[in-house]
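Given chain P, put chain L in place with the hints provided.
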Amino acid sequence: DAKTTQPTSMDCAEGRAANLPCNHSTISGNEYVYWYRQIHSQGPQYIIHGLKNNETNEMASLIITEDRKSSTLILPHATLRDTAVYYCIVALAGDDKIIFGKGTRLHILP
Amino acid sequence: EAGVAQSPRYKIIEKRQSVAFWCNPISGHATLYWYQQILGQGPKLLIQFQNNGVVDDSQLPKDRFSAERLKGVDSTLKIQPAKLEDSAVYLCASSLALGPSTDTQYFGPGTRLTVL
Chain P
1088 DAKTTQPTSM DCAEGRAANL PCNHSTISGN EYVYWYRQIH SQGPQYIIHG LKNNETNEMA
1148 SLIITEDRKS STLILPHATL RDTAVYYCIV ALAGDDKIIF GKGTRLHILP
Chain L
8 EAGVAQSPRY KIIEKRQSVA FWCNPISGHA TLYWYQQILG QGPKLLIQFQ NNGVVDDSQL
68 PKDRFSAERL KGVDSTLKIQ PAKLEDSAVY LCASSLALGP STDTQYFGPG TRLTVL
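In order, the protein sequences belong to chains P and L. Using the numbering used here, read the first sequence as starting at 1088 and increasing by one per residue. Using the numbering used here, read the second sequence as starting at 8 and increasing by one per residue.
For reference, chain P alone in the conformation it holds in the complex (with noise of 0.2 Å):
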């Protein structure tokens, strides 16, 4: 099962931030928490991964709480290519295991 709890579906207009969150409330001290998305009719794509400290890509940044049970995705400027399903996935380093959820539905708004 997965150890993530995501909302199943969120709305957001174009050019605004969206926030994803996901409750991971059972992490372990050496587990990362990974986002990946879907595209319709795509495989699923990596977005970024972080293990306490935030980062920040040229996709997205990634807000982990201090007591790391909760984190946040941020895509600052969606566009309508940013509609996906975005899954949330906590996983050992180097374990190379990850475990899928249902994940969220994002849908940008025009």
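For the record, the hints were derived by calculation from the structure and aren't laboratory data. Small disclaimer: the values here were computed from a predicted structure and weren't measured. Among the hints, erroneous ones may be present.
Pairs of lysine-lysine, PhoX-like flavour, derived with a Cα cap of 20 Å [as the list claims (entries may be wrong)]:
#: 1; chain 1: L; residue 1: K51; chain 2: L; residue 2: K85
#: 2; chain 1: P; residue 1: K1139; chain 2: P; residue 2: K1090
#: 3; chain 1: P; residue 1: K1139; chain 2: P; residue 2: K1189
#: 4; chain 1: L; residue 1: K51; chain 2: P; residue 2: K1184
#: 5; chain 1: L; residue 1: K69; chain 2: L; residue 2: K51
#: 6; chain 1: L; residue 1: K51; chain 2: P; residue 2: K1090
#: 7; chain 1: L; residue 1: K85; chain 2: L; residue 2: K22
#: 8; chain 1: L; residue 1: K85; chain 2: L; residue 2: K18
#: 9; chain 1: L; residue 1: K51; chain 2: P; residue 2: K1189
Just chain L now, kept in the frame of chain P:
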């Protein structure tokens, strides 16, 4: 850099028939994964290879599914005989898998299987 290649993209068969899917991972990626994604659900890992050895096949229905990765590069996944509940998208992924910074999985476009 070329991505993960899969073929065919679509396949329609009747129940009890056999089917095979092919995957070519990113060059140099030691780890290869096959996932099954049923409509409305997240992908479920079926089997994981490290080079040409099986690391985890605990979720593979071995009475009808088989997979191989000869020479540690390409892989094939076979279903024989197929059942209606095997209708799904079959995703292949690969990774360098040397640690948290390199175990990002790269997915192919998938093969959509419909069993009638």
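Violating hint indices (sorted, rising):
Violated: hint 3 alone.
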